[in-house]
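Chains as they are written, first to last, in this note's numbering: chain A, 1 to 583; chain B, 584 to 897.
Mixed in with the good hints there might be a few duds.
Claimed, not checked - Pair ranges (Cβ atoms, derived):
no., chain 1, residue 1, chain 2, residue 2, range
1, A, Thr249, B, Ile636, 40 to 50 Å
2, B, Ala760, A, Arg481, 54 to 64 Å
3, B, Ser708, A, Ser199, 33 to 43 Å
Claimed, not checked - Among the chain B residues that face chain A by a calculated CB cut under 7 Å, a handful are:
no., residue
4, Ala606
5, Gln715
6, Phe716
7, Pro725
8, Leu728
9, Ala738
10, Leu741
11, Ile743
12, Arg801
13, Leu803
14, Arg815
15, Ile838
FYI, nobody ran anything at the bench for these hints, they're computed from the structure. Note that the Cβ used here is the ideal one computed from N, Cα and C, for glycine as well.
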Amino acid sequence: MNEQLKALKSGAEVAARVLRSPLGMIAGLVLAALIVFSIVVPAASPFDPNTGNLLDFLKPPSATHLMGTDSTGRDIMLRMAIATRVTLVAAVFAVSIAAIVGISAGLAAGYFQTRLASAITWVNSLVMALPGLVVLLAASVVLGNSIWMAMTVIGLLMSPSLFRLTYSQVTAVRNELYVDAAKLFGLSDLRIIFRHVLSVVRGPLIVQSGILMAAAIAAQGGLQFLGLSDPLVPNWGSMLNEAFTKLFTAPWLLVWPTTAIASASLSFVFLSNAIRDQLRIGSSRRIESKPLAAALEAGARREAEVPAEGWLLNVENIDVVFSQPDGSDEQVVKSVSLQIARGESLGIVGESGSGKTQTARAILGLLDRGGRVSGGTVSFEGKQLELNSQKALRGIRGSRIGYIPQEPMSNLDPSFTVGWQLIEPLRRVGGMDKRQAEATVLELLQRVGFSNPARVMKLYPHELSGGMAQRVLIVGAVSLRPALIIADEPTTALDVSVQAEVLDLLREIATEFGIALLMVTHNLGVVADIASRVYVFQAGQIVESGTAIEVFKNPKATHTQQLLASLLDDLPIREPFVEEAGA
Amino acid sequence: MLKYAVRRLAAGLIMTLAISFIAFMFLQLGAGNVARNILGLNVDPEAVRRLNIELGVDRPVLIRYGEWLWNALHFNLGKSWTYPGTVAETLWPKLVVTLTIVAVAMTVITLVSTALGVCAAIFGSWIDKFVQFLSIVGFAIPGFLVAVLLVDVFALQLHIFNATGYANPTDDLGEWARSVVLPVAGLSVTGIASVSQQIRGSVIDVLNSDYVRTLRGRGLAEWRILFGHVLRNAAAPGLAILGLQFEGLIGGAVIVEQIFAIPGLGSFAVAATTSTDFPSVMGFVLVVAVVVVVTNLIVDVLIAILNPKVRLQK
C-alpha cells in the first residue's frame, strides 16, 4: 500500500479531490462546523463556563440555554464549545508529539542502521507491549491530571505506529541506488534523508495522522470519563460521565458529548480514508501492462495447416481486460488468436508486460482479481470453453490442461509437505485412492530425477532448492496426464545451470507422455530449443507467427528483430541468423 | 521448536523485568509528596516525616525495588496503602473477573471478525464494501461511548439486560450471563472492527498468492482450496492480530468496567491511581505486564507451530 501512496503530486490537488468525494466532503464539513462552534460560542456567550446558577440546574434545552444546563446550573453549550476547542487542540498536540518522536526515531533508526536502530526498535516494542491506558493511569499518578501531560504521554504511546511506517520506508529507500548515488555526489546525510525519504513517507503519514487524531480523541475522552482530568477545564469525557450518571433524571445530557465524540472521531477517520483513496487513484496502481498501441507494425502471420483431427486448442480473437480502481477497464490482451495441435510444442515470446502471461492464464481462467476475458472464444478438444466460469473450467484444469508457473518457490503451499500437495489433486480431481496416488507420485518424482522420492515427499517447500521445486511443480502438472501443459516462464527464476536441465526434462516428458506444450517465455533461446512454432507478442497483440525456423531466420516485424538483437547481446553468437538479425 | 519457545520465554521475562523496573522508578519520581497526598495539605511536617518512614519511601530507591522484586517473586506484592490487607489478596479476585470478561469478549471478537473478514475477502463486491464501512464506523467510535449507548438503549429503555453490576458465574450462571452481555458487547465492537479488517487483508493476500493460483490450476474445488489451504495460511497473521487485540482489551476493560460497575481490575486501578497507592499501582502494572507477556508467548508458539520453517528447527 505504501508504494501506492508514493506519488503525492500536488497537495492542493489532492485536497480538492478529497473534498469533492461525498464522505470526504461530509467529514470536512463536520470538522469545520466543530471548529466554528468552538470559536464563535465562547466569544458570544454571556455565561461563565465554571459558575452556574444553582437554581437553574439540569434544565432541558431552552431559549436562554440552547443545550440546557448541567447539575450545577452551568450553560452546557458554552462548556461544550470550550471542550471542543480543548479536545481538538489537545489531539493536534498529541499527534504532533507522536509525529516528531516517531518520525525522527524512524529516520534515525532506518538511516543509520546500527546498534542505535536495534535499541530504538526494542524500546518501541516495549511501548507497544503495554496497554496504553495502563501507562496513562500510572503516569497520572506521578504527573497529575493536566491535559498537556496526558497528551504528551498519549503522543509518546502513539509514536510507534509512525515509527514503524517511517522505519520501513527508510529501509526500503536506503536500499535503492539513488541514495548511494546522492552520497557519491557529496550530498550530506541529512539532506538525503529529508529530500528522498520524507517525500516518500509524506502520503502514508498524512493518512495515519487522521487515524491517530481519532485515537487521541478517544484516549482523552476515556481518561476524562474515568475522572482523571482537570476539573476546571470543561471536557467531553467528564460531561459524558455526568450525563451517564444522570441518565434517569436528565437523558438529554447524553446527546451533546455523544454527538461530539462520535462526529469528531468519525470525521477524522473518514477524512483520512478519503485522502488515502485519492492518493491511491492518482498513483501507479495499474496492473502490469503498457497501454496498447493503436496500430503496431505487424510482421508476417504464417499460419499453420489445420491438422486432420482438428486443433487441440484453438484460441480465437480473445480480449483480456482488468478493471481499474476508478471503474474503467484496461485492456491487456487484444484480439489474440493461436492454435496448438496434439503433441505439438509451441512458444509464446515477448517482453514482460506484453500480454503473453495474461493470455496463458486467461485460457485456464487463472487471471488475477479484476481480470476477465471480454471477447473471443477458446475451444479445447473440440469443445468451446466457458472462459469466465470457474466451475466449467475446473473440469479441465489439472486433468486436461496442466499448469507450470514461473516462480517455483512461491507456487508451493509453504504449510504442507511436497507429498501432500502432489497427492491431494490425484485423489480429489483424479479420483485415485491413497495408495494409488502415492505410487504415482513416487514414480513421477523418480522420473523427474529425484533419487530418493520417498524422502522428497516428506520435505516442506522451504527445504527445496529452486530447481527441485520446479521439478515438483512439473510432477504436479503432468501427474493427471493432461493433453496440454501451459508453462509460464518455467525456467526464468532458476539458476542458469539448472535452466537447461529443467528445459530438457520438460521436453522429454512432453514427448514421452504425448503432451502438447505451450511455453510462455521472454527468452528466444528457450523457444529455439523447445518449440516448433512461435508467436511473438508485443503490447498485448501478436505481431508475428510461424515456425521457429521461419521466424528466426527471417523476422519480419521490427519487434521480433529487436528481440533477436537483444538475445545476441548476452549469448554466444549462433548460426544461422547472425547477419540477418543484426539490424 | 523447544529452543525457540525457551528464547521467547526469556525475552518475555526480560520484558516483564524492564517494565516493572521502569514503572517503579517512574512512580518514585513523585514519591516526595505521597505522605502529603494521604494526610492532606495542612498537617504537621513531623507527621509527614513519620508516615514517610512508615511507608518506607525515605530509603534508597534501588534497595526498595530489590525488596519489591524479591517479594513479587514470592507472590507477595506488598501491603496496600489504602486497602486493608495485601495487594495480592485484593488484586487476585479482581483479576479473575477482568480476565473472565476479556476472555468472553476475545471469543466473540475471534468468531465474529473471522466470519466477517473471511466473507468480505471471498465474496468481495457489496459484501466487502458493507463490512469495510461497518469496520470504519466501529473503529472510529470509542468503545466507552458504545458501552454508554448500550446501557441507555438495552438496559434503561428496553430493560433487556442488567445496566450495571456483576454476578459470579459460580453462583448463578444465568444472572452472570445477563450481567456480561453489555460489557462484552461494549468491549468487542472496536476489536471486531479492526480485527475483521486485518483478517480480510490476510485472507486476500493468500487468495492472491501464487500457490493458490497453482492449486486452482490443478483443478481443486474452490471450497477445498479455501478451507484446506487459504485459511490455514492466513491463520498465522490472524493469530498475531488477535494477540495484539487481547492486550488492547485489558486497557479497554478498565473503562468498560467503570461504566458497568464491575468489580474488576479497572475499578482497582482507578482507585489506586487516584489515591496514589503505589504498591497497588505497581501490582496492577505487573499483573498486566505478565498477562501481556504470557499472551505474546502463547501467540508466538502457536504461530511457530503453524509454520513448518520454525516448527522443524532443531
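Cross-check of the supplied hints:
A C-beta distance of roughly 48 Å is found between Thr249 (chain A) and Ile636 (chain B), which places it inside the suggested range of 40 to 50 Å. Between Ala760 (chain B) and Arg481 (chain A) the beta carbons are some 59 Å apart, a value that agrees with the proposed interval 54 to 64 Å. Between Ser708 (chain B) and Ser199 (chain A) the CB atoms are about 36 Å apart, so this pair conforms to the stated range of 33 to 43 Å. Hint status for Ala606 (chain B): holds, given a least beta-carbon distance of 6 Å to chain A, under 7 Å.
Hint status for Gln715 (chain B): violated, given a least beta-carbon distance of 9 Å to chain A, over 7 Å. Nearest Cβ of chain A to the Cβ of Phe716 (chain B): about 9 Å, over the 7 Å cut. The hint is violated. The interface hint given for Pro725 (chain B) is met, as the beta carbon of that residue sits about 4 Å from the closest beta carbon of chain A, less than 7 Å. Interface hint status for Leu728 (chain B): upheld, as the beta-carbon distance to the closest one in chain A is roughly 5 Å, under 7 Å.
For the restraint placing Ala738 (chain B) at the interface with chain A, the shortest Cβ-Cβ distance is roughly 9 Å, beyond the 7 Å limit, so the hint is violated. At a threshold of 7 Å, the smallest CB-CB gap from Leu741 (chain B) to chain A is about 14 Å, leaving the interface hint violated. Hint on Ile743 (chain B) is violated. Least Cβ distance to chain A is approximately 16 Å, over the 7 Å limit. Satisfaction of the interface hint for Arg801 (chain B) is found here, the shortest Cβ-Cβ separation to chain A being roughly 4 Å, below the 7 Å cut-off.
The criterion of a C-beta within 7 Å of any C-beta in chain A is met by Leu803 (chain B), whose closest approach is roughly 6 Å, and the hint holds. At about 5 Å, the closest approach between the beta carbon of Arg815 (chain B) and any beta carbon in chain A falls short of 7 Å, and the interface hint on this residue holds. Residue-level restraint check for Ile838 (chain B) holds (minimum Cβ-Cβ distance to chain A is 5 Å; threshold 7 Å).
Of the numbered hints listed earlier, those contradicted by the structure are 5, 6, 9, 10, 11.
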